[in-house]
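Can you make the complete structure from the sequences, with help from the hints?
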Amino acid sequence: MEVLATLTTLMLIYSLYLLYKFYSLKLSSDCYLIDYVCFKPSSDRKITTEMSGAIVDRNKTLGLSEYKFLLKVIVNSGIGEETYGPRNIIEGREDSPTFDDAMLEMDEFLNVSVGDLFKKTNISPQDVDVLVVNISMFSPAPSLASRIVQRHKMREDVKTYNLSGMGCSASMIGVDLVRNIFKSGKKTLAVIVTSESITPNWYSGTDKSMMLGNMLFRSGGCVMLLTNDPARQAQAKMNLKCLVRTHIGSNDDAYNCAMQKEDEVGRVGFHLSKGLPKAAVRAFAENLQQLAPKILPYSELALYMYRTIKQMAVKPKDSSSSAMARINFKSGVDHFCLHTGGSAVIDAVGRALGLSKYDVEPARMTLHRWGNTSASSLWYVLGYMEAKKRLRKGDRVLMISFGAGFKCNSCLWEVNRDLDDGDVWADCIKNYPPQSLVNPYMERFGWVNDHTEDSFKQSEREFLSTR
Amino acid sequence: MATEPSPQFLNSIRLKYVKLGYQYLVNHILTFLLIPIIITILVELARVGPEEIISLFRFLNELDLIYVISSMLLVIISATFYLMCKPRPVFLVDYACFRPLPNFRVPFSTFVEHSRLVPQFDEKTVRFQIRILERSGLGEETCVPPANHYIPPTCSMATARDEAELVIFSAIDELLNKTGMKPKNIDMLIVNCSLFSPTPSLSTMVINKYKLRSNVINFNLSGMGCSAGLISIDLARNLLQAHGNSYALVVSTEIITPNYYLGKERAMILPNCLFRMGAAAILLSNCRREGSRAKYRLSHVVRTHKGADDAAYNCVFQEQDSEGNVGIKLSKDLMAIAGEALKSNITTMGPLVLPSCEQLLFLFSLIARKVFKSKRKPYIPDFKSAFEHFCIHAGGRAVIDELQNNLQLSDEHVEASRMTLHRFGNTSSSSLWYELNYIEAKGRMKKGNRVWMIGFGSGFKCNSAVWKCLRTVKTPVDGPWSSSIHRYPVEIPDVVKLL
Numbered sequence: 136m137e138v139l140a141t142l143t144t145l146m147l148i149y150s151l152y153l154l155y156k157f158y159s160l161k162l163s164s165d166c167y168l169i170d171y172v173c174f175k176p177s178s179d180r181k182i183t184t185e186m187s188g189a190i191v192d193r194n195k196t197l198g199l200s201e202y203k204f205l206l207k208v209i210v211n212s213g214i215g216e217e218t219y220g221p222r223n224i225i226e227g228r229e230d231s232p233t234f235d236d237a238m239l240e241m242d243e244f245l246n247v248s249v250g251d252l253f254k255k256t257n258i259s260p261q262d263v264d265v266l267v268v269n270i271s272m273f274s275p276a277p278s279l280a281s282r283i284v285q286r287h288k289m290r291e292d293v294k295t296y297n298l299s300g301m302g303c304s305a306s307m308i309g310v311d312l313v314r315n316i317f318k319s320g321k322k323t324l325a326v327i328v329t330s331e332s333i334t335p336n337w338y339s340g341t342d343k344s345m346m347l348g349n350m351l352f353r354s355g356g357c358v359m360l361l362t363n364d365p366a367r368q369a370q371a372k373m374n375l376k377c378l379v380r381t382h383i384g385s386n387d388d389a390y391n392c393a394m395q396k397e398d399e400v401g402r403v404g405f406h407l408s409k410g411l412p413k414a415a416v417r418a419f420a421e422n423l424q425q426l427a428p429k430i431l432p433y434s435e436l437a438l439y440m441y442r443t444i445k446q447m448a449v450k451p452k453d454s455s456s457s458a459m460a461r462i463n464f465k466s467g468v469d470h471f472c473l474h475t476g477g478s479a480v481i482d483a484v485g486r487a488l489g490l491s492k493y494d495v496e497p498a499r500m501t502l503h504r505w506g507n508t509s510a511s512s513l514w515y516v517l518g519y520m521e522a523k524k525r526l527r528k529g530d531r532v533l534m535i536s537f538g539a540g541f542k543c544n545s546c547l548w549e550v551n552r553d554l555d556d557g558d559v560w561a562d563c564i565k566n567y568p569p570q571s572l573v574n575p576y577m578e579r580f581g582w583v584n585d586h587t588e589d590s591f592k593q594s595e596r597e598f599l600s601t602r
Numbered sequence: 022m023a024t025e026p027s028p029q030f031l032n033s034i035r036l037k038y039v040k041l042g043y044q045y046l047v048n049h050i051l052t053f054l055l056i057p058i059i060i061t062i063l064v065e066l067a068r069v070g071p072e073e074i075i076s077l078f079r080f081l082n083e084l085d086l087i088y089v090i091s092s093m094l095l096v097i098i099s100a101t102f103y104l105m106c107k108p109r110p111v112f113l114v115d116y117a118c119f120r121p122l123p124n125f126r127v128p129f130s131t132f133v134e135h136s137r138l139v140p141q142f143d144e145k146t147v148r149f150q151i152r153i154l155e156r157s158g159l160g161e162e163t164c165v166p167p168a169n170h171y172i173p174p175t176c177s178m179a180t181a182r183d184e185a186e187l188v189i190f191s192a193i194d195e196l197l198n199k200t201g202m203k204p205k206n207i208d209m210l211i212v213n214c215s216l217f218s219p220t221p222s223l224s225t226m227v228i229n230k231y232k233l234r235s236n237v238i239n240f241n242l243s244g245m246g247c248s249a250g251l252i253s254i255d256l257a258r259n260l261l262q263a264h265g266n267s268y269a270l271v272v273s274t275e276i277i278t279p280n281y282y283l284g285k286e287r288a289m290i291l292p293n294c295l296f297r298m299g300a301a302a303i304l305l306s307n308c309r310r311e312g313s314r315a316k317y318r319l320s321h322v323v324r325t326h327k328g329a330d331d332a333a334y335n336c337v338f339q340e341q342d343s344e345g346n347v348g349i350k351l352s353k354d355l356m357a358i359a360g361e362a363l364k365s366n367i368t369t370m371g372p373l374v375l376p377s378c379e380q381l382l383f384l385f386s387l388i389a390r391k392v393f394k395s396k397r398k399p400y401i402p403d404f405k406s407a408f409e410h411f412c413i414h415a416g417g418r419a420v421i422d423e424l425q426n427n428l429q430l431s432d433e434h435v436e437a438s439r440m441t442l443h444r445f446g447n448t449s450s451s452s453l454w455y456e457l458n459y460i461e462a463k464g465r466m467k468k469g470n471r472v473w474m475i476g477f478g479s480g481f482k483c484n485s486a487v488w489k490c491l492r493t494v495k496t497p498v499d500g501p502w503s504s505s506i507h508r509y510p511v512e513i514p515d516v517v518k519l520l
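Protein chains in written order, with our numbering: chain G, 136 to 602; chain W, 22 to 520.
Honestly, the hints are just simulated from the structure, not real lab data.
Hints are supplied without guarantee of correctness; some may be wrong.
Straight line, CA to CA, 25 Å or less: simulated BS3-like cross-link-like pairs of lysine-lysine [stated by the list, open to error]:
no.: 1; chain 1: W; residue 1: Lys232; chain 2: G; residue 2: Lys409
no.: 2; chain 1: W; residue 1: Lys350; chain 2: W; residue 2: Lys405
no.: 3; chain 1: G; residue 1: Lys409; chain 2: W; residue 2: Lys230
no.: 4; chain 1: G; residue 1: Lys413; chain 2: W; residue 2: Lys467
no.: 5; chain 1: G; residue 1: Lys396; chain 2: W; residue 2: Lys232
These figures come from a predicted structure and were not determined experimentally.
So this is what it looks like as structure tokens:
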């Protein structure tokens with residue numbers, strides 16, 4: 136009967152339509168990075184050796200042991216002469232930051248970079264559907280996300296998310312948030328803004344564990360544009376393959392190793408404990424355990440299983456880490472963006488992954504040129520690779536970052552097309568890598584190591600009497 | 022003496038029936054259209070006679086097996102894909118609010134006395150604070166954290182963390198108890214607290230205390246104002262669409278310890294008088310088995326951001342006054358801006374929730390005004406036909422009055438908001454959950470009831486969420502209202518004389 140035939144045809148058409156809908160749903164869970172723009176502060180914000188010395192000198196509560204400690208930190212930090220700081224510190228007002236100072240620091244970044252991104256990608260602010268902002272240590276009301284909405288007159292139905300307190304790995308948390316929103320299927324354009332606020336967080340006390348932050352953090356930021364619209368794939372720079380977040384906050388030591396709190400006298404600072412490297416290692420190991428199966432080719436995984444079994448057969452009781460079979464991450468990853476937490480962090484991660492000097496070069500150079508810009512540092516590292524023309528179509532880039540809590544977040548990107556945009560590195564890339572990474576701090580302030588307590592106090596008295 | 026009902030009264034009754042009839046007709050139009058189709062089919066069948074029907078069955082029997090199987094397969098495949106494409110339901114399994122102990126209370130006398138003793142306040146400031154409190158609509162049982170009971174308040178990061186631990190952990194403990202949920206089974210965690218954001222975040226604090234899994238998806242929202250609770254719910258919904266068979270824990274709170282304003286700017290004093298301690302923990306899930314025990318299902322969330330308008334952006338602004346004290350400045354046109362934001366929000370919300378009859382009326386009125394240039398006032402849809410209960414953010418008396426006026430709500434509709442403001446004060450993003458608990462505690466929440474939650478926040482945002490009740494909530498309800506619900510509702514005077 137025709138009725139039956141018609142009904143069957145209708146069912147067929149409907150099921151084909153459902154298939155198409157299901158397929159498009161799967162497709163729109165893709166996450167494309169269209170472009171990103173890093174922030175380059177104005178050159179009058181550069182922090183030189185002289186300036187650092189002056190800043191340290193201004194804190195009259197510091198004694199000789201603190202000076203020695205600071206010297207050691209800054210000499211070994213891997214930070215160069217071209218990093219940037221916030222205005223109030225450069226102007227000598229680090230002890231009494233005002234709310235306006237903090238806002239100014241944010242405005243200098245937001246007013247430049249967000250507009251630059253729109254210009255670069257030819258997108259209108261009214262096209263933005265989702266805005267994610269993460270600035271860990273400054274969270275005014277209304278949020279900085281609202282500030283961006285106001286400045287760029289975004290739509291009324293824009294979905295804003297203001298993440299705060301999430302540490303140095305927060306830019307990947309922003310990517311995770313956007314990725315989850317993309318899975319709903321609707322074609323969405325998302326902007327992620329990441330930076331850190333240094334102005335209100337200067338530590339003016341003598342607790343050594345809290346002074347590290349002062350020495351290492353520098354000004355920087357990044358704005359990224361992502362979408363799940365397959366029509367924009369040609370324009371996109373990279374495609375997100377996988378993202379793994381690990382949080383070991385359930386462990387008390389890990390939770391307490393990086394914490395913002397008051398010292399004995401009541402001054403607020405960022406405390407970094409001695410247990411931090413251990414927590415980082417644990418979080419890193421757990422993250423890699425989840426990440427490896429997702430990013431490595433089956434051949435490498437099979438090889439690793441074979442090596443482990445062989446080892447267990449030969450020495451079944453030996454389970455020390457040095458005897459464990461090594462897994463070669465370079466088989467599935469071409470480039471490594473490591474969090475520039477400090478040269479110790481970069482070295483440790485490089486050793487753990489079996490990386491060469493060439494692999495860790497982008498991270499080291501970023502640390503030298505920009506310092507530790509917290510969550511945005513990964514994007515400066517990516518910018519270095521791009522400026523050096525290392526990123527070719529099909530290459531896979533692994534980003535790893537750590538954050539207070541303790542978190543380890545990592546993600547794998549696949550490069551969509553040959554990239555050669557220098558962005559903020561364009562003017563100085565030819566000077567990198569430099570002949571030597573040694574900074575002039577030892578040369579300039581090495582005399583501190585020659586002093587004892589008494590001679591230090593004596594020289595201080597002499598210095599003050601000549602003023 | 023029995024009197025004849027007046028003609029106006031009779032007319033109004035007739036009108037009422039006409040209105041009811043119209044509503045019933047438009048809302049069930051599809052059913053009404055189906056009736057003639059069914060009648061035609063029956064008539065056709067009767068006419069055709071039984072032999073044709075039997076021959077039809079014989080024909081079906083003669084069909085190839087493969088034909089039958091492939092059609093059945095097609096049906097099954099379509100059904101599967103249909104189910105897979107459908108958005109996952111978001112169930113509210115249960116929620117719990119922080120129950121402040123009586124020793125945290127700040128009755129009027131305490132407030133007045135403390136204001137006088139704090140050295141930073143001069144007499145003018147004290148009198149202004151008292152005047153605000155007199156007209157605030159707050160009662161004598163609202164609570165502030167321990168640090169604010171000191172004179173002057175001992176606001177530090179450590180005491181702020183203490184308050185956070187107190188309110189958040191008690192709310193979560195109660196929720197886990199109520200639902201029998203094990204912390205290891207929580208897949209997502211979202212914490213929102215606008216004015217206190219330490220590093221590591223409050224969400225990490227929760228992960229540490231309850232030993233959540235290392236792959237828990239957590240987010241910490243901050244600076245997003247009093248409507249941030251609904252933003253967290255929206256985010257949780259997105260996460261639950263992306264991952265199946267998951268549980269999401271949402272914690273909404275406002276930590277007021279570090280935000281006590283110690284200056285003299287009048288526009289910044291208001292939050293001291295209104296903000297009180299509170300927190301709520303909500304468990305959401307998309308597991309189908311939770312459908313049987315869940316209290317509510319999330320129908321819609323609509324977010325509106327008026328930040329593009331400069332006046333809206335600046336009307337609630339955190340800044341430093343001339344003496345260096347940080348506080349939140351509220352501008353005078355806050356109510357007008359709130360009204361505008363609400364209008365934008367309900368323009369989007371309306372088509373999603375209003376019954377067809379109201380939408381049709383609104384459409385006709387729109388056509389009349391735009392096409393025929395009629396001078397009649399715009400038709401404001403009757404939202405009372407779409408919702409049984411309203412939870413309006415207890416931001417302050419003026420906010421509730423403004424919304425009651427705008428949406429033409431009765432006193433009973435806004436009772437939950439007013440009573441929550443009286444009993445708990447403005448607890449920011451968690452206030453909506455105290456209000457929901459009030460409605461439940463009063464035994465008014467029945468199966469099938471729809472609740473509209475409206476929150477306002479700095480930026481300026483207006484967010485709303487619609488929940489549908491899945492099972493009648495039986496009294497007595499164990500919650501923050503357990504000890505006081507029998508005294509409510511109370512009559513709240515316009516001004517309570519304190520001086």
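Do the hints match the structure? See the list:
| no. | hint | result |
| --- | --- | --- |
| 1 | W:Lys232 with G:Lys409 | holds (22 Å) |
| 2 | W:Lys350 with W:Lys405 | violated (34 Å) |
| 3 | G:Lys409 with W:Lys230 | holds (22 Å) |
| 4 | G:Lys413 with W:Lys467 | violated (54 Å) |
| 5 | G:Lys396 with W:Lys232 | holds (22 Å) |
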